[in-house]
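Below are the chains, spelled out letter by letter.
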Amino acid sequence: MIDNQYHCPEGGFLECKNFFCEHGQRLSEILHLCSDIIEKIGKGDTSPKIDLKVERYAVQRLIDSINKLREEIESLIDLNHGLAIGICEHFEVLRKLQKGNFSVKASEDSPIEIVRMLGALINKQRDRFIEYIDRIKTQHKDILELYEQQNMILSSVGVAIIVVEEDMTIEFANDEFEMLTGYSKREIEGKMKWTEFFTEEMLDKMIEYHKLRRISPSLAPRQYSSKIKDRSGQIKEVLMNVAMIPYTKKSIASIIDMTERKKIEEQLIHSQKMESLGVLSGKIAHEFNNVLTSILGFATLLESKAEDETLKGYTVRIIESCQRAKSFVKNLLTFSRKEEIGEIKRLNLKEYLANFQGFIEPLVGSDIKVMLKLPEKEIFYKIEPTHLEVILMNLITNARDAMPDGGEITLSLKEISLDTEYHFTHPLIKPGLYVMLCVTDTGKGMDEETKSRIFEPFFTTKPKGKGTGLGLSTVFGLIKQYGGHIHVYSEVGKGTTFKIYLPQTEKDFSSIDRESLKGKEVLLVVDDETNTRQYIASLLRDYGYEVYEATNGNEALEIYEKIKDRVSLCLVDLVMPGMTGLELMKKLRQISPSIKTILMSGYPVQFKDIVSIEKTLSGDEILYKLREILNEKE
Amino acid sequence: MADRLIDYRGLKCPYPILKLSATYPNFKEGEIVEVLGDCPTFEKDIKAWCSKLGKTILNLEKHGNTIKVTIRI
Ligand SMILES: Nc1ncnc2c1ncn2[C@@H]1O[C@H](COP(=O)(O)OP(=O)(O)OP(=O)(O)O)[C@@H](O)[C@H]1O
Ligand SMILES: [Mg+2]
Chain A
8 MIDNQYHCPE GGFLECKNFF CEHGQRLSEI LHLCSDIIEK IGKGDTSPKI
58 DLKVERYAVQ RLIDSINKLR EEIESLIDLN HGLAIGICEH FEVLRKLQKG
108 NFSVKASEDS PIEIVRMLGA LINKQRDRFI EYIDRIKTQH KDILELYEQQ
158 NMILSSVGVA IIVVEEDMTI EFANDEFEML TGYSKREIEG KMKWTEFFTE
208 EMLDKMIEYH KLRRISPSLA PRQYSSKIKD RSGQIKEVLM NVAMIPYTKK
258 SIASIIDMTE RKKIEEQLIH SQKMESLGVL SGKIAHEFNN VLTSILGFAT
308 LLESKAEDET LKGYTVRIIE SCQRAKSFVK NLLTFSRKEE IGEIKRLNLK
358 EYLANFQGFI EPLVGSDIKV MLKLPEKEIF YKIEPTHLEV ILMNLITNAR
408 DAMPDGGEIT LSLKEISLDT EYHFTHPLIK PGLYVMLCVT DTGKGMDEET
458 KSRIFEPFFT TKPKGKGTGL GLSTVFGLIK QYGGHIHVYS EVGKGTTFKI
508 YLPQTEKDFS SIDRESLKGK EVLLVVDDET NTRQYIASLL RDYGYEVYEA
558 TNGNEALEIY EKIKDRVSLC LVDLVMPGMT GLELMKKLRQ ISPSIKTILM
608 SGYPVQFKDI VSIEKTLSGD EILYKLREIL NEKE
Chain B
279 MADRLIDYRG LKCPYPILKL SATYPNFKEG EIVEVLGDCP TFEKDIKAWC
329 SKLGKTILNL EKHGNTIKVT IRI
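Read top to bottom, the protein sequences are chains A and B. When you read off a place in the first sequence, starting at 1, and then add 7, the result is the number in my numbering. When you read off a place in the second sequence, starting at 1, and then add 278, the result is the number in my numbering.
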């Protein structure tokens with residue numbers, strides 16, 4: 008310790024000439040101490056302080072100054088370190104953010120205001136980023152959904168659609184395009200060029216359009232007729248509809264098969280023609296009937312009053328003619344569907360036809376052989392026997408007339424189910440179960456011209472007095488009354504077939520063997536509605552089936568995983584909360600592609616490749632349908 | 279064994295941590311680095327740096343004025 012009591016009698020330390028003076032020693036120690044401290048401060052070590060009090064003013068000032076310097080430098084160094092560590096820290100956060108790690112956060116606790124603010128700024132920026140990213144994510148999801156919806160639309164519009172790239176590669180094709188061309192999407196998409204489908208004669212034109220459209224869309228026609236060839240080389244007349252897809256060099260084309268269209272159009276025109284003919288002939292027949300009634304009335308009156316035998320004879324002839332005319336009118340009324348049908352009993356068609364054979368053989372003569380093709384099982388149908396008789400008699404007499412030199416008539420009966428596909432080509436026919444009656448002859452047949460007019464009233468090719476031309480129009484009218492359809496297939500010189508489709512509105516189960524509805528298979532019933540599910544499950548159990556129940560899609564998948572080796576069929580409700588019936592069926596198919604499924608719905612639905620039943624059906628109907636599917640071969 | 283050695287001897291604080299911040303992003307994550315420094319405040323600085331940036335100090339040795347810190351990046 009430096010003793011500050013010391014006094015220099017010589018007048019001050021600095022001027023001391025006495026080499027041996029002990030105070031001189033002291034002073035130099037103090038100066039050395041000061042130098043050491045300054046050096047340390049210079050290196051950044053601000054910990055030591057000079058804790059000395061000396062008398063000498065100059066020395067004390069030096070010490071004070073050094074202490075002051077130390078303090079100031081210390082605060083500068085603190086600031087420096089604070090800034091440095093703050094920068095390092097924020098730098099690290101920014102670096103991580105830049106790498107996409109948004110879980111980091113900058114600290115906002117630095118004692119230096121600007122560093123704190125920088126931290127807060129980085130965090131705000133980070134939050135903003137996260138917000139943008141979330142927004143982009145939802146947009147991305149929306150876009151994906153939109154894309155999926157778009158695809159769904161494109162694949163379900165029912166018209167062939169393709170998307171073509173600039174180099175003519177087909178990027179997308181839908182189911183209809185597959186059907187139109189016979190190639191599968193896998194073969195087409197990204198692999199085949201649109202030009203491969205063009206016919207020779209159309210090639211140049213279509214390539215030109217393709218190029219023109221990309222230069223200026225308005226230069227190429229939006230719609231034009233063309234021809235394309237399918238896998239088998241068959242040429243199809245088509246109507247093209249082409250447009251550019253915005254922001255791309257791709258075009259989208261819809262292709263309508265006009266060959267099919269024309270056929271369908273003809274069917275529609277024909278049915279409309281028959282409809283208006285019906286209305287017209289109905290009116291005429293009605294008026295005519297009134298006139299006939301009064302002629303007949305007065306003629307009958309005249310007959311009873313006439314005394315002259317010749318006059319009486321004439322009157323009888325008038326009455327007879329009137330009665331003939333009345334029966335024409337009746338036929339016309341049938342054609343125009345003015346006749347009401349009352350309560351009808353169920354007719355056993357198989358039995359009826361079997362009996363009918365004996366009745367027609369004498370009618371057609373011995374040159375013509377009549378054959379019957381009847382199904383094994385009984386078919387019941389609600390139809391007035393006289394109506395059926397009129398239909399068959401007309402078809403058979405026509406067949407006979409077409410075979411003056413003899414031949415064969417085949418009468419056949421069967422039950423068929425017309426599917427959605429048939430509905431596409433015959434839009435007037437609803438898909439469903441039908442009774443089909445066929446009358447085939449080996450006669451002279453008809454040309455197209457005749458065929459298109461046969462159902463018109465009074466159309467006949469037979470000589471005067473032989474045919475009235477009302478036969479087929481009566482048949483047509485009757486079949487319409489039952490909601491049925493009649494189709495003709497004929498080839499000149501070979502023969503003719505009339506096919507009658509009568510809709511089976513309700514299945515008649517009285518003829519069905521209950522035993523045949525039973526089964527031992529394992530079934531999975533999926534329905535969220537407890538009542539329905541339990542009803543169906545217990546019905547199935549009653550008939551011998553082993554039934555598992557699930558209340559929703561996920562549960563169904565869980566159960567299915569466990570018992571999939573034993574399950575023969577899954578009955579799935581269409582509308583369920585969460586996973587829908589269709590989604591579930593898709594997932595089940597992913598697990599086992601050959602799985603049999605039946606879709607249950609509260610109302611009639613139609614899906615491609617999916618068997619569906621309405622839940623409102625009777626138990627027998629459900630069991631019957633189920634057996635049908637189960638009996639189908641894999 | 280350390281994967282690398284960085285010598286900051288002779289450098290005044292806070293240069294060492296600023297330099298370390300700038301160079302270490304080139305290192306692999308999990309690498310072990312030995313850092314030498316002799317500035318009087320080096321120990322305080324490097325400890326603060328490690329805690330703020332979430333790096334682990336595995337070892338700290340003093341040899342006279344020199345401090346050797348082993349860090350996992
Ligand atoms: N099986 C058939 N083979 C060939 N042509 C047929 C056949 N059935 C009908 N046709 C043609 O259809 C026409 C119309 O038949 P439709 O039964 O309506 O009248 P029709 O037989 O001429 O007279 P009607 O039946 O009143 O005596 C016939 O004149 C005939 O040209
Ligand atoms: Mg006829």
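I should point out that these hints are in silico values taken from the structure, not numbers from a laboratory. Just to be clear, a hint being listed does not mean it is correct.
As the list claims (entries may be wrong) - Result set (BS3-like, lysine-lysine): computed pairs, CA atoms no more than 25 Å apart in a straight line:
#	chain 1	residue 1	chain 2	residue 2
1	A	K47	B	K333
2	A	K380	A	K357
3	A	K50	B	K325
4	A	K290	A	K280
5	A	K112	B	K346
6	B	K322	A	K106
7	A	K106	B	K333
8	A	K569	A	K594
9	A	K437	A	K487
10	A	K103	B	K325
11	B	K290	A	K47
12	A	K131	B	K322
13	A	K622	A	K603
14	A	K50	B	K306
15	A	K333	A	K357
16	A	K469	A	K333
17	A	K384	A	K280
18	A	K103	B	K340
19	A	K603	A	K571
20	A	K333	A	K471
21	A	K75	B	K290
Against the structure, the hints:
1. A:K47 - B:K333: Distance ~30 Å between K47 of chain A and K333 of chain B Cα, so the pair is violated.
2. A:K380 - A:K357: At roughly 10 Å apart (the allowed maximum being 25 Å), K357 of chain A and K380 of chain A satisfy the hint.
3. A:K50 - B:K325: holds (19 Å)
4. A:K290 - A:K280: Holds, at roughly 16 Å.
5. A:K112 - B:K346: violated (30 Å)
6. B:K322 - A:K106: violated (29 Å)
7. A:K106 - B:K333: holds (18 Å)
8. A:K569 - A:K594: It holds: about 15 Å lies between the C-alpha atoms, which stays within 25 Å.
9. A:K437 - A:K487: holds (14 Å)
10. A:K103 - B:K325: holds (21 Å)
11. B:K290 - A:K47: Satisfied, since the Cα-Cα distance of roughly 12 Å is no more than 25 Å.
12. A:K131 - B:K322: This hinted pair is violated, its Cα atoms lying about 30 Å apart.
13. A:K622 - A:K603: holds (18 Å)
14. A:K50 - B:K306: With a Cα-Cα distance of about 33 Å, the restraint between K50 of chain A and K306 of chain B is violated, given a limit of 25 Å.
15. A:K333 - A:K357: With a Cα-Cα distance of about 33 Å, the restraint between K333 of chain A and K357 of chain A is violated, given a limit of 25 Å.
16. A:K469 - A:K333: holds (22 Å)
17. A:K384 - A:K280: violated (38 Å)
18. A:K103 - B:K340: violated (33 Å)
19. A:K603 - A:K571: Answer holds: K603 of chain A to K571 of chain A is near 12 Å, not above 25 Å.
20. A:K333 - A:K471: The hint holds at about 19 Å.
21. A:K75 - B:K290: With Cα atoms ~22 Å apart, K75 of chain A and K290 of chain B stay inside 25 Å; holds.
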